[in-house]
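Residue numbers (our numbering), protein chains in the order written: chain A, 1 to 187; chain B, 1 to 354.
Quick caveat, the hints were computed from the structure, so don't treat them as lab data.
A couple of the hints might just be wrong.
Claimed, not checked - Below, simulated EDC-like cross-link-like pairs (lysine to aspartate or glutamate); rule was C-alpha separation at most 16 Å, straight line:
id, chain 1, residue 1, chain 2, residue 2
1, B, K55, A, E45
2, A, K178, B, D259
3, B, K55, A, E42
4, B, K48, A, E118
5, B, K338, B, E230
6, A, K32, B, D51
7, B, K288, B, D219
8, A, K178, B, E34
9, B, K72, A, D17
10, A, K163, B, E9
11, B, K62, A, D82
12, A, K32, B, E58
13, B, K62, A, E125
14, B, K62, A, E118
15, B, K62, A, D50
16, B, K37, B, D69
17, B, K76, A, D15
18, A, K163, B, E8
19, A, K32, B, D53
20, B, K178, B, D219
21, B, K282, B, D262
22, B, K153, B, E345
23, B, K48, A, E125
24, A, K81, A, D50
25, A, K163, B, E17
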Amino acid sequence: MYEENILINNILNGDIDSFSALVNRYQNRLFKFLLGLTFCREDAEEILQDVFIRAYNYMHKYNCKWSFSTWIHKIAINTFKDFYKQKRKKDFVEYHEDLSLYKIDSGVSIDQAYESKELYKEVVEQINKLKSDYKIALILRCAQGFSYQDISKIMGVSVENAKTMVCRSRQTISNGLKMKRGVNYEL
Amino acid sequence: MNCNFSHEEIDNYFEGEASVESSKVVSEHLKTCEECKVYYSSLVMTGKLIDTDIKLQESIFKNIENRIDRHKYRGKRRLYYKFTNLISRKSSILKPALALILLCFITIMAIGNYSNIIGSMKPDHNKVASNPDMSTEDVIKTLISSNGGFTSKLLVQSPTGSSANKEDLEQAKSVIIKRLNILSMTQHEVNVDLPNSCLNITGAWINKNNNDFKKTLTDLTVPGKLTFQETDTKAADVNGKYPRAGEIICDNNDIVSADYADNGVPGQKTINIKFNAQASAKFAEATKKLLHKQIGIFMDDNLLVAPVVQEEITDGNVILSLPDEANPDIIRAIISSKPLLSKVEITDIKFVNN
Numbered sequence: 001m002y003e004e005n006i007l008i009n010n011i012l013n014g015d016i017d018s019f020s021a022l023v024n025r026y027q028n029r030l031f032k033f034l035l036g037l038t039f040c041r042e043d044a045e046e047i048l049q050d051v052f053i054r055a056y057n058y059m060h061k062y063n064c065k066w067s068f069s070t071w072i073h074k075i076a077i078n079t080f081k082d083f084y085k086q087k088r089k090k091d092f093v094e095y096h097e098d099l100s101l102y103k104i105d106s107g108v109s110i111d112q113a114y115e116s117k118e119l120y121k122e123v124v125e126q127i128n129k130l131k132s133d134y135k136i137a138l139i140l141r142c143a144q145g146f147s148y149q150d151i152s153k154i155m156g157v158s159v160e161n162a163k164t165m166v167c168r169s170r171q172t173i174s175n176g177l178k179m180k181r182g183v184n185y186e187l
Numbered sequence: 001m002n003c004n005f006s007h008e009e010i011d012n013y014f015e016g017e018a019s020v021e022s023s024k025v026v027s028e029h030l031k032t033c034e035e036c037k038v039y040y041s042s043l044v045m046t047g048k049l050i051d052t053d054i055k056l057q058e059s060i061f062k063n064i065e066n067r068i069d070r071h072k073y074r075g076k077r078r079l080y081y082k083f084t085n086l087i088s089r090k091s092s093i094l095k096p097a098l099a100l101i102l103l104c105f106i107t108i109m110a111i112g113n114y115s116n117i118i119g120s121m122k123p124d125h126n127k128v129a130s131n132p133d134m135s136t137e138d139v140i141k142t143l144i145s146s147n148g149g150f151t152s153k154l155l156v157q158s159p160t161g162s163s164a165n166k167e168d169l170e171q172a173k174s175v176i177i178k179r180l181n182i183l184s185m186t187q188h189e190v191n192v193d194l195p196n197s198c199l200n201i202t203g204a205w206i207n208k209n210n211n212d213f214k215k216t217l218t219d220l221t222v223p224g225k226l227t228f229q230e231t232d233t234k235a236a237d238v239n240g241k242y243p244r245a246g247e248i249i250c251d252n253n254d255i256v257s258a259d260y261a262d263n264g265v266p267g268q269k270t271i272n273i274k275f276n277a278q279a280s281a282k283f284a285e286a287t288k289k290l291l292h293k294q295i296g297i298f299m300d301d302n303l304l305v306a307p308v309v310q311e312e313i314t315d316g317n318v319i320l321s322l323p324d325e326a327n328p329d330i331i332r333a334i335i336s337s338k339p340l341l342s343k344v345e346i347t348d349i350k351f352v353n354n
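My request is simple: use the sequences and hints to build the entire structure.
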């Protein structure tokens, strides 16, 4: 936190190397977050660049009293939403399902690998069916490991609301899978 | 197949946040309940899917570098951004303060507008008077309808006692207008009625300060010749009037300006008279001659005051201390104008909308 504030102060004094250091510090964490939202490497990378550019342009508005991680995740969410708003307007592309991103456990048979892939596909489908805010809350919790307190700050909702959103997302995914597969599935 | 086991507990177990006891209970339950086992599996799968360890192959900074303004926070702009950064850091104090200032501003504006609305119900003298589209007559009519006013007829007789000619009437008109203007009580118009040797005045009150205006107008229609004379106070007649004992030193025609003055004595009514250069020299000579003697200051035939000359006055500035009964506004209005050469008498005065 202290180091981040030094970096930000340096950036505001025109030091571009400090911005490079800040990008390196956050790029993988944010990439993971955006990958969870998009399931598409290209989109995630494109959004990630926009997130850092936006953060740089608005750095003078950052209040060091708040966590930088919270602030940049807020920017990431807004950039993600704007990105798909524009993209939908342009060519009506829906969310991607780039399953090549996910590794299948080694040592499994072809049948098992195929089954796992199918199952992943269905889980992705269920995640993509979630409302945007529910999906964001779920990723913030499961992928980014944020506390409900932090999620409530990032999303501008109450802690209870944040908890409810994550819980309902999980149930919706589980119910969706159950509808498709019955109860006879497991990894 | 409707298990009522708490999903929240399973969530906590999955996230590793459950207590040891709760973990045992959940673990045992999952062994026996197919439904909850499916739910737990979906948690694991979702977690595996989104909590990946995929990383970027290289820093994206190279791509970003070309798309940002490297000089954004350098040079003169740096100060601006530092300032905005300071504002955003202090926003928790500044926002309520700004809100309060805005609220005060709106309140002041609202009160101002309310006053304007109230004010607009009555015509504003200055606004009406300065309206270029309205004639003087219209302006006065409008003001009379709101503030009230008067109409008056003044009979003018020439100094020889015959009917006034055009010249007499014009002289009287200019003097009366000048005196009314200096008095600043009315917005007025004076018209010459040559066949009847009259002046017709129509006036509207400016401040409704119209107490006993008939007397005021009567006072304004005196000849009003102010003279500074040598006098003999011992020679007063039975009415307390002094005869003119010497030559006239100077009069209204020598006065450049007459303004209210303050001689430092509370309650004392004083007027500062400034003479022109020629009269100043005459006055200096007279005050030298009359040093420690009285000088008579007359309004027409009446002595206003007779102060003792304390020192020679060479700069042409005379502070005239008026007697208690004198009205300084009227005196100032009279001595600022030329004396009326004709005899003027009020034959009619009517008040309108009072």
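Hint check results:
A hinted pair counts as satisfied when its Cα atoms are at most 16 Å apart, and K55 (chain B) with E45 (chain A) qualifies at roughly 11 Å. Between the alpha carbons of K178 (chain A) and D259 (chain B) the distance comes to roughly 102 Å, so the proposed pair goes past 16 Å and is violated. Taking the CA atoms of K55 (chain B) and E42 (chain A), the gap is about 13 Å. The hint holds against a cut of 16 Å. With a C-alpha separation of about 14 Å, the suggested pairing of K48 (chain B) with E118 (chain A) holds against the 16 Å cut-off.
This hinted pair does not check out: K338 (chain B) and E230 (chain B) have alpha carbons roughly 22 Å apart, beyond 16 Å. Taking the CA atoms of K32 (chain A) and D51 (chain B), the gap is near 8 Å; set against the 16 Å cutoff, the hint holds. Of the pairs offered as hints, the one joining K288 (chain B) and D219 (chain B) is violated, with about 34 Å between alpha carbons and a cut-off of 16 Å exceeded. With a C-alpha separation of about 11 Å, the suggested pairing of K178 (chain A) with E34 (chain B) holds against the 16 Å cut-off.
Straight-line distance between C-alpha atoms of K72 (chain B) and D17 (chain A) comes to about 14 Å, which keeps the hinted pair within the 16 Å bound. Between K163 (chain A) and E9 (chain B), the direct Cα distance comes to roughly 13 Å. Compliance with the 16 Å bound is thereby established for this hinted pair. Between K62 (chain B) and D82 (chain A) the CA atoms are separated by roughly 23 Å; this puts the pair beyond 16 Å, and the hint is violated. Taking the CA atoms of K32 (chain A) and E58 (chain B), the gap is near 14 Å; set against the 16 Å cutoff, the hint holds.
Of the pairs offered as hints, the one joining K62 (chain B) and E125 (chain A) is violated, with about 34 Å between alpha carbons and a cut-off of 16 Å exceeded. A hinted pair counts as satisfied when its Cα atoms are at most 16 Å apart, and K62 (chain B) with E118 (chain A) does not qualify at roughly 37 Å. For the given pair, K62 (chain B) sits about 13 Å from D50 (chain A) by alpha-carbon distance, which is consistent with the 16 Å threshold. Distance check on the hinted pair: K37 (chain B) and D69 (chain B) sit about 54 Å apart at the alpha-carbon level, beyond 16 Å; violated.
Taking the CA atoms of K76 (chain B) and D15 (chain A), the gap is about 15 Å. The hint holds against a cut of 16 Å. Among the hinted pairs, K163 (chain A) with E8 (chain B) is consistent with the structure: their alpha-carbon atoms are about 10 Å apart, no more than 16 Å. Annotation: proposed proximity of K32 (chain A) to D53 (chain B) holds, straight-line Cα distance about 8 Å (limit 16 Å). Between K178 (chain B) and D219 (chain B) the alpha-carbon distance is near 14 Å, which keeps this suggested pair within the 16 Å criterion.
Distance restraint check for K282 (chain B) and D262 (chain B): the Cα-Cα separation of roughly 25 Å exceeds the 16 Å cut-off, and the hinted pair is therefore not satisfied. A hinted pair counts as satisfied when its Cα atoms are at most 16 Å apart, and K153 (chain B) with E345 (chain B) qualifies at roughly 9 Å. In summary, the hint linking K48 (chain B) to E125 (chain A) is supported, as the alpha carbons are separated by about 15 Å, within the 16 Å threshold. Distance restraint check for K81 (chain A) and D50 (chain A): the Cα-Cα separation of roughly 12 Å lies within the 16 Å cut-off, and the hinted pair is therefore satisfied.
For the proposed pair K163 (chain A) and E17 (chain B), the alpha carbon gap of about 14 Å is at most 16 Å, so the pair holds.
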